[in-house]
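Top line first, the protein sequences correspond to chains A and B.
Numbered by my numbering, the letters in the first sequence go through residues 1 to 235 in order.
Numbered by my numbering, the letters in the second sequence go through residues 1 to 343 in order.
Just to be clear, a hint being listed does not mean it is correct.
To be verified - Here are the simulated DSSO-like pairs of lysine-lysine, each with C-alpha atoms no more than 27 Å apart in a straight line:
1. B:Lys10 <-> A:Lys27
2. B:Lys37 <-> A:Lys123
3. B:Lys100 <-> B:Lys287
4. B:Lys30 <-> A:Lys123
5. A:Lys31 <-> B:Lys94
6. B:Lys110 <-> B:Lys195
7. A:Lys122 <-> B:Lys100
8. B:Lys110 <-> B:Lys5
9. B:Lys94 <-> A:Lys26
10. B:Lys181 <-> B:Lys195
11. A:Lys122 <-> A:Lys104
12. A:Lys104 <-> B:Lys214
13. B:Lys96 <-> A:Lys26
14. A:Lys122 <-> B:Lys94
15. B:Lys298 <-> B:Lys311
16. B:Lys94 <-> A:Lys123
17. A:Lys122 <-> B:Lys259
18. A:Lys50 <-> A:Lys104
19. B:Lys64 <-> B:Lys30
20. B:Lys5 <-> B:Lys62
21. B:Lys10 <-> B:Lys94
22. A:Lys82 <-> A:Lys192
23. A:Lys195 <-> B:Lys110
24. B:Lys30 <-> A:Lys104
25. B:Lys37 <-> A:Lys122
26. A:Lys195 <-> B:Lys195
27. A:Lys82 <-> A:Lys122
28. B:Lys37 <-> B:Lys151
29. B:Lys151 <-> A:Lys123
30. A:Lys192 <-> B:Lys298
31. A:Lys122 <-> B:Lys298
32. A:Lys225 <-> B:Lys30
33. B:Lys96 <-> A:Lys27
34. B:Lys292 <-> A:Lys26
35. B:Lys5 <-> A:Lys31
36. B:Lys100 <-> A:Lys26
37. B:Lys62 <-> A:Lys123
38. A:Lys195 <-> B:Lys30
39. A:Lys122 <-> B:Lys311
40. B:Lys10 <-> A:Lys122
These are computed hints drawn from the structure, not numbers from a lab.
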Amino acid sequence: MNLVIMSGPPSSGKTSVILKTIEAIKKRGIKAGVVKFDCLYTDDDILYEKAGIPVKKGLSGSLCPDHFFASNIEEVVRWGKKEGLNLLITESAGLCNRCSPYIKNIKAVCVIDNLSGINTPKKIGPMLKSADIVVITKGDIVSQAEREVFASRVNSVNPQAVIMSVNGLTGQGAFELSTLIYDENSNVETVKGSKLRFPMPSALCSYCLGETRIGEEYQMGNVRKMDIGGENDQH
Amino acid sequence: MISIKELEMKKIKDLEAQYPFIISFFENNKLNVEGFKDSTLIEYLNHFTEEEIEEWAIDIPKIKSDLETYVNQMLQFLGLEKDIVDSITILAGKDKYGNKENFEELTIKKGEIVSIVGPTGSGKSRLLADIEWAANRDTPTGRAILINGEKPDYSIRFSTGNKLVAQLSQNMNFVMDLTVKEFLELHARSRMVEKEEEVISKIIDAANQLAGEKFNPDTPVTGLSGGQSRALMIADTAILSTSPIVLIDEIENAGIDRKRALNLLVNEEKIVLMATHDPSLALMADKRIIIKNGGIHKIIETGPKEKEVLKELERIDKIIGTLRARLRSGDAIDTDTAEIMLS
């Protein structure tokens, strides 16, 4: 089974891109399934079901969706094998731009859209920088110049990635993407023992543990203060 | 190939002088080199503390390998004798029912305009995608695309700097909060053009010749009218985009001189493909492709009778344009259309 981890900011077009890509890949007799990770709500599983694609969804609820992903991916892979899939795609929304679900030696695809603004490539961390393929969507509604500038910014933060445009509405580019994500010589039996490409932040503070009160005396663990006066502490 | 080992030993200030594009790599990767100009790259990269590395998600080995790739990509891009695309050739594949397309091959030379007509969903997007991907019998239509009569180097599919195709479509908008001038500067820098000022004023002049209403360089791009936006997009694509092929999805007939717009693209030696439902645009092309059931059904050269009809259509367009301008400026219409043509 091929495993592909797709990630990207909310509403960047991940589901549309996956649907169009699977549509193209099905014609080659490849059986594809999807596991959708989200935080509080998703009905994307219905879209996949409608398209006749085996699907499972996982809502992380009170947990960080990327942490939830890492705790569940092994079981997800087992499900894919049981379903007899040739290709399993996981879809997850990157919410804080700091975590990323990618695993070493597993194909990683980041979906971002032209509408998100040209500084977005700067803002997104490992989710964009360590992807193998970057798919840029919504190119049909911004100018050619903005598309070119956006792609060159993406290239400067991840020069080793394949960068391509896919139109989630018409499917333009989805066939081409499908040729890159499925490799008949690749086979993933298990991800047990595999490693994340980049560690997630160790951000355990009192609010992670359910604290609701505001005020310094309630703050414990990994707490950091903004530098309000004078110099900015950011890089 | 420059290796990262060589780059690591150089001082930041020397790197910036020798490879100016490295500045945007530092910027976009949030590597603040201020105060480290006299340090070598490796000294700079090694100065981060464990805490900073975790805090800001800095991946030093990845930065090193990325930087090596980036510098080599840029050197190649700058040094590249831009391959000039004189023509593209479409070799027939099949329609969605598996029937062979109704032609053998179609060659389109630079400076030529070909329109694409056919009902919605007939396969126009697929044709445009085949061209963009330089299809090699490996897409659902089985078409092949040749460049200058030969199979291209397929690395072109993944190049961000040398894309084969620029696209202009009806739904496009500017989304950046910048003035026209700032916007063009940004684009020019990403293309690394020399003589930035000159190119920018050339684009603004060209756009103003296409637009009914003129705008100035300090206008925010989001404040341009529909016609002005399209004029600017076309002028920018014609002059600043390196892509030799321009795919146009309809140009609405308002606030822009479409004939001039096409001439501008043709004069800049672009190959123009244009999907349209508009008779004037379809007939302005040298040829038109008729798409049916996902395949090319017919290729028709614009005939002499059609050119006559086009003249008539242009006359009607002019009447509409003049009437629009007069109504907008508050005039009452007290002449008939024949007189409008004389005015």
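Hints and how they fare:
1. B:Lys10 <-> A:Lys27: violated, 52 Å
2. B:Lys37 <-> A:Lys123: holds, 24 Å
3. B:Lys100 <-> B:Lys287: Holds: Lys100 (chain B) and Lys287 (chain B) sit about 21 Å apart, inside 27 Å.
4. B:Lys30 <-> A:Lys123: With Cα atoms ~9 Å apart, Lys30 (chain B) and Lys123 (chain A) stay inside 27 Å; holds.
5. A:Lys31 <-> B:Lys94: Satisfied, since the Cα-Cα distance of roughly 25 Å is no more than 27 Å.
6. B:Lys110 <-> B:Lys195: holds, 25 Å
7. A:Lys122 <-> B:Lys100: violated, 47 Å
8. B:Lys110 <-> B:Lys5: violated, 44 Å
9. B:Lys94 <-> A:Lys26: holds, 19 Å
10. B:Lys181 <-> B:Lys195: holds, 14 Å
11. A:Lys122 <-> A:Lys104: holds, 23 Å
12. A:Lys104 <-> B:Lys214: Violated. Lys104 (chain A) to Lys214 (chain B) sits at ~54 Å, over the 27 Å cutoff.
13. B:Lys96 <-> A:Lys26: holds, 16 Å
14. A:Lys122 <-> B:Lys94: Violated, because 43 Å separates the two Cα atoms, which is more than 27 Å.
15. B:Lys298 <-> B:Lys311: holds, 24 Å
16. B:Lys94 <-> A:Lys123: At roughly 44 Å apart (the allowed maximum being 27 Å), Lys123 (chain A) and Lys94 (chain B) break the hint.
17. A:Lys122 <-> B:Lys259: Judged against 27 Å, a Cα distance of about 40 Å means the pair is violated.
18. A:Lys50 <-> A:Lys104: Violated. Lys50 (chain A) to Lys104 (chain A) sits at ~32 Å, over the 27 Å cutoff.
19. B:Lys64 <-> B:Lys30: holds, 14 Å
20. B:Lys5 <-> B:Lys62: With a Cα-Cα distance of about 14 Å, the restraint between Lys5 (chain B) and Lys62 (chain B) holds, given a limit of 27 Å.
21. B:Lys10 <-> B:Lys94: violated, 56 Å
22. A:Lys82 <-> A:Lys192: holds, 16 Å
23. A:Lys195 <-> B:Lys110: violated, 51 Å
24. B:Lys30 <-> A:Lys104: holds, 24 Å
25. B:Lys37 <-> A:Lys122: holds, 22 Å
26. A:Lys195 <-> B:Lys195: violated, 48 Å
27. A:Lys82 <-> A:Lys122: Given that 27 Å is the threshold and the Cα spacing comes to 40 Å, the pair is violated.
28. B:Lys37 <-> B:Lys151: Status violated; Cα separation ~46 Å.
29. B:Lys151 <-> A:Lys123: Violated, at roughly 39 Å.
30. A:Lys192 <-> B:Lys298: Answer violated: Lys192 (chain A) to Lys298 (chain B) is near 56 Å, above 27 Å.
31. A:Lys122 <-> B:Lys298: violated, 47 Å
32. A:Lys225 <-> B:Lys30: holds, 21 Å
33. B:Lys96 <-> A:Lys27: holds, 12 Å
34. B:Lys292 <-> A:Lys26: holds, 24 Å
35. B:Lys5 <-> A:Lys31: Measuring from Cα to Cα gives roughly 45 Å; hence the hint is violated.
36. B:Lys100 <-> A:Lys26: holds, 23 Å
37. B:Lys62 <-> A:Lys123: holds, 17 Å
38. A:Lys195 <-> B:Lys30: OK: Lys195 (chain A) and Lys30 (chain B) at ~26 Å, within 27 Å.
39. A:Lys122 <-> B:Lys311: Given pair Lys122 (chain A), Lys311 (chain B) is violated - Cα atoms ~51 Å apart, limit 27 Å.
40. B:Lys10 <-> A:Lys122: holds, 25 Å
Going down the numbered hints, you'll see the structure goes against 1, 7, 8, 12, 14, 16, 17, 18, 21, 23, 26, 27, 28, 29, 30, 31, 35, 39, while the others check out.
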